[in-house]
Every structure is written in C-alpha cells, then in structure tokens.
Amino acid sequence: MSSLAKAIATGDLTQLPSRRDEDWRWTDLRGLLRTLPPKPDHAEVTTEGPFAALGGDVFLVPNGFVEGFTHIEGGPDNPVAQLRFVAAEAGSIATTVLVAVRSGQTLTLLESYEAQADGAVSDIALDIQVAEGGRLERIVLAADRAESVTVSTAAVTLAPGASYAQTILTSGARRQRIETRVSHPGQGASVRLDGAYLLHEQRHADTTSVVTHSGLGGVTSQLTKGVVEGQARGVFQGRIVVERGADQTDARMGHHALILSDKAEIDAKPELLIFADDVQCAHGNTVGALDENALFYARQRGMPFEVARAMLTQAFVGEVVDRIEHEGAREIAAAWVAEQLGRGQ
Amino acid sequence: MAAVKETVAAVAELEKYQHGFITDIEQDFAPKGLNADIVRFISAKKDEPEWMLQWRLDAFERWLALEEPDWAKVHYPKIDYQDSYYYAAPSQKAGPMSLDEVDPDILETYKKLGIPLREQEVLAGVQGAPKYAVDAVFDSVSVVTTFKKELAAVGVIFCSMSEAIREHPELVKKYLGSVVPVSDNYFACLNSAVFSDGSFVYIPPGVRCPMELSTYFRINAKDSGQFERTLIIADKGSYCSYLEGCTAPMRDENQLHAAVVELIILEDAEIKYSTVQNWYPGDPVTGKGGIYNFVTKRADCREPRAKVSWTQVETGSAITWKYPSCILRGEGSSGEFYSIAVTNGHQQADTGTKMIHLGANTKSRIISKGISAGKSSNTYRGLVSAHPKAVGSRNFTQCDSLLIGKDCAAHTVPYIEARNGQSVFEHEATTTRLSDDQLFYCQQRGLDTESAVALLVNGFVRDVLQTLPMEFAVEAQKLVAISLEGSVG
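Line order of the protein sequences matches chains H and D.
First residue of the first sequence? That's -14 in the numbering used here, and the numbers climb one at a time after it.
First residue of the second sequence? That's 340 in the numbering used here, and the numbers climb one at a time after it.
If you are wondering where the hints come from, they were derived from the structure by calculation, not from laboratory data.
Fair warning: this is a prediction, and the values are worked out from it, not measured in the lab.
Check the hints yourself; a few may be wrong.
[Unchecked claim] Lysine to aspartate or glutamate pairs mimicking EDC-like chemistry, simulated, CA-CA at most 16 Å apart:
(1) D:Lys745 to H:Asp8
(2) D:Lys745 to H:Asp263
(3) D:Lys412 to H:Asp8
(4) D:Lys714 to H:Glu228
(5) D:Lys728 to H:Asp247
(6) D:Lys611 to D:Glu670
(7) D:Lys745 to H:Asp232
(8) D:Lys412 to H:Glu7
Chain H on its own, in the form it takes in the complex:
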C-alpha cells in the first residue's frame, strides 16, 4: 500500500511522503496536501476515453469504484483492453486493479487517467503479473487536470520468458507520480520501459521506476524523454538493481530532457546498483535547451519560431512514440504528443 493510500485510508496526513523521504525528495506530498477531500460517490461516465477508437473491452474505474470486473486478463490473439481511471469529481480515491497475463497469452493494455474535475486526489495501484511466455504491452496516457494529485504505482512481476513493454505519456498535474516496479527474473524475460512527459505552466510529473534483476541474462531497455515549459517540473528517477547471481544482465537506461523556459526545472536520478560482476549496464542522462543551430536552420528556411520549436521538440519525443508496438496506439500517442506540443491545432 502506498503512503498516499495509507493516508487516505486512515486520514493521517503524517503518512504522506515529504522532501525528507529520499525516494520522494522531488515530489513532496506532505507539504502540498493540508487536508484530504472526502471520498466521492459513485459516478456515471458518459465520455469516451482517449483510446476509444481502438475498440476492445473497456474496464471502467469511475471515482475509484472498480465496476463489473475482478481483474483484466490476456488472450491468445492479442486482445486490447482499455482501462480507464476517471475522477469525475473532487475527492480522495484509492483503488487497486489486478492484471494477469497467463502463460502464452498476450495483451495490449491501454490505460488512461482522466480527471474531469479539479481537486481529485487519486492513488492507483496496479498488480501486474505476466506468466511464462506471456506478452504485455502497457500504454499509459495520463491526462490529468492542472489541480489533480495522482500517484499510480504498478508492481510488475514477470516469469522467465515473459515480455513486458511499457510507454507512459503524461502532461503532468499539480503533483503526479507514475511509478513502476518490475521484478525481472531474467532467463529470457525482457523489459522495455519508456516514457515521455510534456509539461507546461506549473505542472509536475514524476516518472519513477525500479527494475530488479534477479536471474541470469535479463534484458532491460529504458528510454524516457521530457519537455518542460513555463514553471513546470519534470522528475525522473530510474533505478536498475542487479542482484547477486544475475549475471549476463544487459540493462540500458536513457533519460533526456529539454527545458524550454528559464523557470522550468528537471530533476533526475538515474541509479545503477550492481551486485554481480558479469554484466553490461549503462545509463545516459542529458538535460539542456533545444539545439540553437537546428532552430536557426528551420527559421532561416521560413518557419516561424513557434512552429520550428514544436517541430524539433516533436522529433525529440518521437523516438519514444516510435517504440510503441501497437500501431493504433502509436498513432493516437503521436497525435496526443503533437497536440501537447502545440502542433495539433
């Protein structure tokens, strides 16, 4: 149970993490939340989710009420599941959803966070299990409101030979943390963890991941990109742990961010904790402004500054979007990114 879920359950705000908690140093909840709004009632959802065009079963969680299903599972022919967390009104929500992909099954999980009213405080926990030979692609689109507070934690347990791919796209919120914890057994299992955060005004987004390699020959590839404007704050914390005996692990992590204004902020902590010697692990991290030469070139060819900037940032984020395997989801993601970066209109 996350600390926010505990605080919601007990009403005890001292349970909330603060800047003094190492893992939450850049995502202070205790300083932000002076009171917790009451739990909301059940709500009817009439809107369509961002992935509506792709069909598949829809699993709706309005105001934290898990409706009409106990868990989500895969199938033999790569079914699509839309999982929609809708905060229809202000209130504190804590909820848990189980996703199980059995042996040999596949699943494309299209997850969306849709806040429809200001003042929602949500804690969402996902328990994801992928059995031997199972394949799961999870695409998260977090379209929260500027005043939302969201903490989403996915605990992913993989069996040997399982494959897990994830792409998180977020435009941030008042405070938002999307955390993924992967228990990686190696032995043919592979993990891809991608993400992009596109933040403006005073929004905040925290993408945190912990991948623990416990068996031989695990592969992890991680790429997160960020673009921040205004007074926004992007946080990336990535930790790769290679336990004793997890030899021949190949883990690579990249985090690259653009700061487009003087008041925006990026905080990053890419960690490698290695307890085995026969490994290949690397991380790269860059933070900077847009390439002035590229910008100059585009403008010199007649492009207005705003268009040139949007084009370059879109190309920058495009690398993450291109790695999405599901074609329909990739197109929706690309359109969403373009819209966020001001090229959609």
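Since chain H is already given, all that's left is putting chain D on it; use the hints.
Chain D only, in chain H's frame:
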C-alpha cells in the same frame, strides 16, 4: 612500458599494507571521551585566543544537537564517541625550528614512508631533487613545515593551522568556516569542535606558488581520532597546487578520521588539490580494523573565473565517505573532479562530488573511475545542480565502474537538478567487468594474471592518473596495483 614494469615490480615486492608500522614516540594525550572540557583542553593546549575557543564551544553545542547521518551505502557499527582520544600529540617542548630538531623516530617514520618527505633529499644536498614544501601532521598535530622561508619570500603563507590562528588571525577569522559552516554536517561539526591542527595556505594576489605544497597525514596513536582542518585561500590571480597523502598503522580497532578541507578561490585564481589516500583498509580477509574516512571537502569559487580541480586516488580506509565539492559562484568559474576509488577486501566507499552552479557560464567536469574487488562495495554518488541564475552553465559527467570478482558491488547514484533553460548537462555511466578477452590477450603475451589485471586497470584509470602531478601519478599507479593484489584467480 617502464611504468608498467614498475607496477609489476611493486606488486611482486609488496605483499601487504606497507605503511602498517607504529612509531614508538612519546605522546601527549587528552583523557578519553568528549565534552566541553576536552574542547577547552585542546584549545588551551594550542594556546588559542578566546574567539577560537568560543567558536569551538559553539560547534560542540551544535554537534550535541545533531544526529549522525545514515543515508550512505556504508555500514558500520555505531561509533562510541566517548571511547576515543580527541587529542594526541608527539610530546615536544617547543615547535621545531628545522628538521634536525624533530624527534628522530618521527623522521624515521617519514623515511619509511618514502614519498611524502622527498625534500629530505634536498636537505641532504641531492641535486635535482624536486621541491616540495611539506606540512607533516602526526596524529593531530603539525610536526614540521618545510620551505617556509622560500615561500615567505614570495608572500606565500604555508604553516600549521594553530600557527595561523596565532599569527594570521584576521585571515583565519575571515575565512574559517565560510565554506563549510560549523553545523554543515555531523562530522564537520565534530571537527569544528575538536580539530587540533592542519595546514593553512594563503597565496597572495598574482602569485604563482613556486613549488608544490604538500601535507602528509598520519594517524599513529591507538584509539585516537584524527581531526585536521585545512584552509587554503588563493587570492586574485594566484595559483597553487596542493598534495595530500595519508597513512595509518595496522590496528584491530576502527579509527575515525573526520577532516574538513576548505578552499577559497578568488578572481582568476586556481587551486589544484590532489589526494592520495592510503589509510589502513582493515584486514583483507576478516575486515577487522581500518580507518573510517568521513571527510568534508569543499571549494568555493567565490569570484569570476576562479578555477578548482580536485583529484583523488582513494585506495585505503575501511570506509570512505566523502564528496569533494565545488560551489561555482563566480561568473565563468569552473570546477573539475577526477577520482579513482579502489575497494578490495571488505572495504566500502561512498564517494563522489557536488557541482553547484550558482553563477552564469560556469563549467564543471566529473570523471570518476570506481574499481571494486573482493567483497567490497563502491558507490559513486554525485550532485550536479544549476540555479536559475546559472544560465549558460555546462556539466559533463562520466562515471565508470569496473567489477572484479563475484562478491563485490558497484553502485552509481547521480543527482541532476537543472533549474534554468540555458544550461547543458550530460551524464553517462557504465558498469562492466574486466574483459575476459583482454585478460586472455595479456596472459597469452606472457603476463601473469596479476600483472595483466594491473595493466588493464591502469588503462581504465588513465584519464584520472594523467591529471595528477607526475610523482604522485607514479605513486598512485603503484597503489592501485597493490590495492587490487589477490583479487583475481
């Protein structure tokens, strides 16, 4: 290849920690334990003015209110601060005027150590010997400072801290504690209360210090902590290169070394600070004994275009926990950090740097090479931050870790905080093991395993070794080889 041959020879000739001897000299001790009276005792022993005593007592008060930090990736049994001597000094009636007046046993110690007191050769009339001015700190007290006259001729002040407090109180008052405030952290605060000596350097405006300055630290007494304090001020347009070496005898107990180093660099000045740390690392098999090296080192580039360069070769200590840092305040100032941290046996290291960009167009560069072998743990932890006003700042960080053996661990924990849109930060890190192919190639060319490891490791740390002053580089190369002895095969 000459250097490689030397390394191979060094490995062959040395089977264990070579500085593990104890010099039997008469020593003055303060009673064991720590309280305000001990602080007063130390201050009185050093003949300090009232303001200095007040400063210490204030630090002691604050220390009592602080809690010992535990966030680092190092583990050690709780330190009993009351079970240690806070003052141990070779007994002497008055400060020695020259080397001749120093206790011959101490000189013998230095002879055994070889490198640091190289100017002994100069005194003996050896032609062409390099010139080093040395401040030797034995347990807590500065025993001898050489070449003072020659340095004074160009206006450079190089003396022990206690002498500086007596002779140059205005400089000490102005700068002491201005980079590492009294209550900066638990160990710095303890140091502020009980430091007994250390080195003081002042380079006047426009002066390029004519020789390398060097301090040699040795812990000798049993159950004692060493708390030295170094303060270096490089005034406008000056330059100074400072070397620091450390050793300790082999003992079963752990001894605490909590030093504070403050560097102040003014406009257009530069300080190059190099450390070769070879405290006793503890027993390689049982992990018993060894030094806890908990040190606070920080440089403040206070004015435009100031420059500081830290180079450290950390091979010793049971636990190394330090982050030599740069505060880049002056516009266009720059900081560099080059580090080799070698851990073997049961050693633990959590080391790295902080680059705090406050001024516009500031630059920093971090090159860190960590090598872990045996059952050791080696962590790089670093912070690079840019303030909103630090527009146009740049950082490049590279930290590579090398693992030798199944039971060791290597961690990389960088923190990056960018708070403006006109800075560029790049960071890359890799963790790998010693390549089997390369080892095989070397062995197949006739090198035995250990020489092959030494050769490959020297290649791995080359970027950092190159930044050390020549003589130190040779020493450091040998040390790295010796530290890794027995780690393969």
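Here's how the hints hold up against the structure:
1. D:Lys745 to H:Asp8: Not satisfied, since the Cα-Cα distance of roughly 29 Å exceeds 16 Å.
2. D:Lys745 to H:Asp263: Distance of about 8 Å is within 16 Å: holds.
3. D:Lys412 to H:Asp8: Between Lys412 of chain D and Asp8 of chain H the Cα gap is close to 15 Å, so the pair holds against 16 Å.
4. D:Lys714 to H:Glu228: 14 Å, holds
5. D:Lys728 to H:Asp247: The hint holds at about 9 Å.
6. D:Lys611 to D:Glu670: Outside the cut-off at roughly 19 Å; violated.
7. D:Lys745 to H:Asp232: 9 Å, holds
8. D:Lys412 to H:Glu7: With a Cα-Cα distance of about 13 Å, the restraint between Lys412 of chain D and Glu7 of chain H holds, given a limit of 16 Å.
Hints 1, 6 from the list above are not met by this structure, while the remaining hints are.
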